[in-house]
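2 protein chains.
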Amino acid sequence: MSESLRIGIAGLGTVGVGVLKLLQRNSGELAETGMREIKVCAVCARDRGKNRDVDISGYEWFDDPIDLARHEGIDVLVELIGGEEGPAKDSVVASLKSAKHVVTANKALLAHHASELSSLAEANGVALNFEAAVAGGIPIVKAMRESLIGNHISRVYGILNGTCNYILTRMQQEGRAFADILQEAQDAGYAEADPTFDIGGHDTAHKLSLLTTLAFGTQTSFESIYLEGIESISLADIEAADDLGYRIKLLGVALETESGIEQRVHPTMVEKHSAIAEVDGVSNCVAVDGDFVGDVMLIGMGAGSGPTASSVVGDIVDIARGNILPPLARPAKTLRPYERARMRAHAGGYYVRLSVVDRPGAFAAIATRMAEQEISLKSIVQRPPHDQLGGMATNKPTKKPMPVVMITHETTEAAIQQAFSLIEEDGHVLEKPQMIRIEKL
Amino acid sequence: MSESLRIGIAGLGTVGVGVLKLLQRNSGELAETGMREIKVCAVCARDRGKNRDVDISGYEWFDDPIDLARHEGIDVLVELIGGEEGPAKDSVVASLKSAKHVVTANKALLAHHASELSSLAEANGVALNFEAAVAGGIPIVKAMRESLIGNHISRVYGILNGTCNYILTRMQQEGRAFADILQEAQDAGYAEADPTFDIGGHDTAHKLSLLTTLAFGTQTSFESIYLEGIESISLADIEAADDLGYRIKLLGVALETESGIEQRVHPTMVEKHSAIAEVDGVSNCVAVDGDFVGDVMLIGMGAGSGPTASSVVGDIVDIARGNILPPLARPAKTLRPYERARMRAHAGGYYVRLSVVDRPGAFAAIATRMAEQEISLKSIVQRPPHDQLGGMATNKPTKKPMPVVMITHETTEAAIQQAFSLIEEDGHVLEKPQMIRIEKL
Numbered sequence: 005m006s007e008s009l010r011i012g013i014a015g016l017g018t019v020g021v022g023v024l025k026l027l028q029r030n031s032g033e034l035a036e037t038g039m040r041e042i043k044v045c046a047v048c049a050r051d052r053g054k055n056r057d058v059d060i061s062g063y064e065w066f067d068d069p070i071d072l073a074r075h076e077g078i079d080v081l082v083e084l085i086g087g088e089e090g091p092a093k094d095s096v097v098a099s100l101k102s103a104k105h106v107v108t109a110n111k112a113l114l115a116h117h118a119s120e121l122s123s124l125a126e127a128n129g130v131a132l133n134f135e136a137a138v139a140g141g142i143p144i145v146k147a148m149r150e151s152l153i154g155n156h157i158s159r160v161y162g163i164l165n166g167t168c169n170y171i172l173t174r175m176q177q178e179g180r181a182f183a184d185i186l187q188e189a190q191d192a193g194y195a196e197a198d199p200t201f202d203i204g205g206h207d208t209a210h211k212l213s214l215l216t217t218l219a220f221g222t223q224t225s226f227e228s229i230y231l232e233g234i235e236s237i238s239l240a241d242i243e244a245a246d247d248l249g250y251r252i253k254l255l256g257v258a259l260e261t262e263s264g265i266e267q268r269v270h271p272t273m274v275e276k277h278s279a280i281a282e283v284d285g286v287s288n289c290v291a292v293d294g295d296f297v298g299d300v301m302l303i304g305m306g307a308g309s310g311p312t313a314s315s316v317v318g319d320i321v322d323i324a325r326g327n328i329l330p331p332l333a334r335p336a337k338t339l340r341p342y343e344r345a346r347m348r349a350h351a352g353g354y355y356v357r358l359s360v361v362d363r364p365g366a367f368a369a370i371a372t373r374m375a376e377q378e379i380s381l382k383s384i385v386q387r388p389p390h391d392q393l394g395g396m397a398t399n400k401p402t403k404k405p406m407p408v409v410m411i412t413h414e415t416t417e418a419a420i421q422q423a424f425s426l427i428e429e430d431g432h433v434l435e436k437p438q439m440i441r442i443e444k445l
Numbered sequence: 005m006s007e008s009l010r011i012g013i014a015g016l017g018t019v020g021v022g023v024l025k026l027l028q029r030n031s032g033e034l035a036e037t038g039m040r041e042i043k044v045c046a047v048c049a050r051d052r053g054k055n056r057d058v059d060i061s062g063y064e065w066f067d068d069p070i071d072l073a074r075h076e077g078i079d080v081l082v083e084l085i086g087g088e089e090g091p092a093k094d095s096v097v098a099s100l101k102s103a104k105h106v107v108t109a110n111k112a113l114l115a116h117h118a119s120e121l122s123s124l125a126e127a128n129g130v131a132l133n134f135e136a137a138v139a140g141g142i143p144i145v146k147a148m149r150e151s152l153i154g155n156h157i158s159r160v161y162g163i164l165n166g167t168c169n170y171i172l173t174r175m176q177q178e179g180r181a182f183a184d185i186l187q188e189a190q191d192a193g194y195a196e197a198d199p200t201f202d203i204g205g206h207d208t209a210h211k212l213s214l215l216t217t218l219a220f221g222t223q224t225s226f227e228s229i230y231l232e233g234i235e236s237i238s239l240a241d242i243e244a245a246d247d248l249g250y251r252i253k254l255l256g257v258a259l260e261t262e263s264g265i266e267q268r269v270h271p272t273m274v275e276k277h278s279a280i281a282e283v284d285g286v287s288n289c290v291a292v293d294g295d296f297v298g299d300v301m302l303i304g305m306g307a308g309s310g311p312t313a314s315s316v317v318g319d320i321v322d323i324a325r326g327n328i329l330p331p332l333a334r335p336a337k338t339l340r341p342y343e344r345a346r347m348r349a350h351a352g353g354y355y356v357r358l359s360v361v362d363r364p365g366a367f368a369a370i371a372t373r374m375a376e377q378e379i380s381l382k383s384i385v386q387r388p389p390h391d392q393l394g395g396m397a398t399n400k401p402t403k404k405p406m407p408v409v410m411i412t413h414e415t416t417e418a419a420i421q422q423a424f425s426l427i428e429e430d431g432h433v434l435e436k437p438q439m440i441r442i443e444k445l
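Respectively, the protein sequence lines represent chains C and D.
Just add 4 to wherever you are in the first sequence, counting from 1, and you've got our numbering.
Just add 4 to wherever you are in the second sequence, counting from 1, and you've got our numbering.
Source of the hints: derived by calculation from the structure; they are not laboratory data.
It does not matter which identical chain is meant; a pair holds if it fits inside one copy or across any two.
With a Cα cut of at most 25 angstroms, we get these calculated DSS-like pairs of lysine-lysine:
no.: 1; residue 1: K337; residue 2: K43
no.: 2; residue 1: K444; residue 2: K276
no.: 3; residue 1: K25; residue 2: K54
no.: 4; residue 1: K444; residue 2: K382
Every value quoted in this text rests on a predicted model; they were computed, and no experiment measured them.
Whenever a hint applies, use it, and build me the whole structure from the sequences.
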């Protein structure tokens with residue numbers, strides 16, 4: 005393995021530039037640890053003339069990523085174009101078909117085509133490495149594909165989207181509303197102009213679908229993921245969670261149940277005194293529960309030029325060293341079909357916030373509805389919003405709705421939903437009930 | 005690679021039994037992910053007849069681990085005997101010299117002989133994998149050797165001993181003294197009858213020396229580690245730390261300085277609101293600061309049968325898959341000599357607890373000594389111990405010493421030590437000053 009490994013990079017955005025900088029800066033070290041020279045030979049992007057803060061004059065230029073993918077002068081295509089179809093997919097397919105290795109940071113592509121592309125890589129005896137596609141700089145793909153491979157995994161979960169975590173953290177720390185913080189995050193470039201993809205949970209779901217496949221050996225099934233974003237989280241929820249000893253995080257969770265694999269993305273209450281509750285701002289984390297290893301958690305930066313480049317280069321070094329594995333940890337043809345668990349049967353504790361009409365008997369009626377569904381309550385907090393404390397002091401019923409917050413013991417999704425619909429029918433609440441699932445760590 | 009990989013296990017204590025259980029229970033899965041059958045063929049221990057809660061009748065028995073190491077019927081020796089010399093070392097050397105791979109959980113052996121054994125493994129073209137030797141089930145060796153290899157590492161640190169962390173956590177949570185908790189931990193089997201090796205920091209130092217080599221590409225230098233255990237930590241320290249917003253953890257820390265690599269093991273103050281502060285009980289963690297990836301932290305179980313077996317089997321699967329790397333991430337002959345940093349020059353903040361004679365001017369004299377060394381103070385807490393609160397309320401000087409706790413801004417070890425010796429000479433303190441280093445996360 006003394007010949008140099010020749011790299012072609014398609015896509016020179018922030019990650020592509022990060023990869024070039026890393027390879028230029030640490031090249032001496034990498035020749036030693038990678039056991040041979042890692043040499044960027046060619047690059048490809050939409051605009052050759054763009055100022056990129058990195059010298060690309062020494063690399064052969066391609067206008068078309070598919071031409072680059074088929075170029076005889078490279079051994080590895082690094083795909084950093086993005087998108088689930090189009091030039092990203094076409095160039096990856098062309099590269100694998102030409103028996104060239106692929107390293108990619110493209111979660112959308114893999115969430116939709118992981119099995120197909122893995123089969124293609126295996127058939128051509130090449131690598132399809134994607135550490136950077138899941139949680140940026142956190143080395144979770146390798147941990148699951150290699151380190152923890154002896155374990156039977158029962159659950160994998162994590163904070164997989166930095167934008168959501170940044171918004172939730174700032175709401176909590178500064179006591180400010182969702183819309184305010186989102187606006188600031190957009191102004192500062194931490195959130196996209198159209199933030200739906202992040203705050204609606206789609207980005208988290210892309211990553212979760214890959215973690216599910218690595219954890220359970222099932223085919224990727226992005227469409228089966230239950231999806232709920234953070235748009236509905238109000239400051240009242242954040243404050244009530246704090247009072248009750250919790251933090252709210254957007255989690256992606258996949259776990260084994262009797263009826264199949266449950267995959268869900270939703271705001272989640274986690275205990276305040278836990279490592280995951282301290283994963284703040286744009287940081288990400290992934291936790292794995294294995295039968296022998298127990299619980300393992302990895303924390304780090306989930307996005308950004310540097311962390312993503314770190315993962316891309318780790319994947320390249322694997323190829324330089326000759327560590328070529330089936331992309332999804334086992335031969336793609338041995339992946340089992342994904343069987344979706346019945347989400348309505350999901351069991352766990354729930355946080356419930358109701359906007360109750362402030363009149364005698366309202367709360368009793370609500371409590372009765374919960375009891376009918378055999379939902380038992382762990383704690384109840386009934387307190388006026390901050391701006392009504394004056395009214396509270398006089399003990400007179402106020403005109404505004406009274407927020408009531410409850411934490412339930414373990415119950416099922418079906419029971420909660422049934423109780424909600426009866427409570428709404430009874431007319432004792434003024435808004436749709438808010439419900440946040442509690443995840444046991 | 006369709007032939008089965010033949011394993012010989014030397015040492016059938018709690019870890020050896022865990023490895024056998026894992027290989028027996030998850031063997032079907034492992035044949036798929038490991039790409040060939042992993043087959044235990046032979047075992048070796050001191051007492052063949054011992055009841056082990058696992059069936060070993062199907063394996064060839066060896067009385068002598070060196071005979072097992074040289075046995076033609078195995079491809080991999082799993083060394084779980086322990087100890088830095090003796091049969092552990094002899095069998096590992098014999099195995100490597102017979103061109104058989106080695107997987108070991110033996111931190112003492114590697115802390116003292118990593119370079120020599122790695123050279124031997126490389127010369128014979130075989131693996132020497134030791135994931136289980138550092139932080140049990142946490143996949144930090146692979147993360148550093150492979151995933152993060154593109155980074156220039158500036159610091160690695162962690163909670164590397166479960167016994168110490170268990171004692172410190174219970175002191176904090178239950179407000180009880182060190183000796184009490186240690187006794188209970190010994191009774192429960194969490195601490196050895198002679199706990200010196202754990203609570204004195206030696207075990208942490210063994211693991212740290214390997215992390216240092218992986219992080220900085222230097223030869224292992226266990227002897228150079230500055231070592232301070234947790235014996236001196238009193239409940240007063242734990243409580244003062246809590247008041248000031250910190251937790252006390254025994255950390256191993258290795259970092260790059262201008263004068264070389266600094267390696268130290270000592271009780272450390274970490275901010276209460278951080279993930280590392282929430283690493284409680286017998287859990288371990290390791291954090292790495294890299295120039296591209298930023299800060300990455302891995303948390304999990306640092307010891308025990310299951311977690312250690314998980315790492316051992318991960319190492320075996322690597323061999324089954326043909327991923328054979330230089331044990332220390334780069335060829336052993338390219339490791340640089342270890343250059344020790346001048347510890348006295350260590351810069352950082354400090355927690356200081358003094359037992360001050362309760363008379364006018366004592367505190368002023370102490371503050372002057374600190375100022376002379378250009379140590380500036382971030383916070384000062386002067387409060388009577390819990391049993392003297394009555395004295396405080398009357399504002400009269402008490403007869404007992406007054407504890408004074410200070411947090412300094414960044415200063416040097418030399419300045420602190422100089423200030424302490426002058427304060428002691430002045431006669432204003434009744435005990436040796438307590439000092440705990442603060443680690444910036």
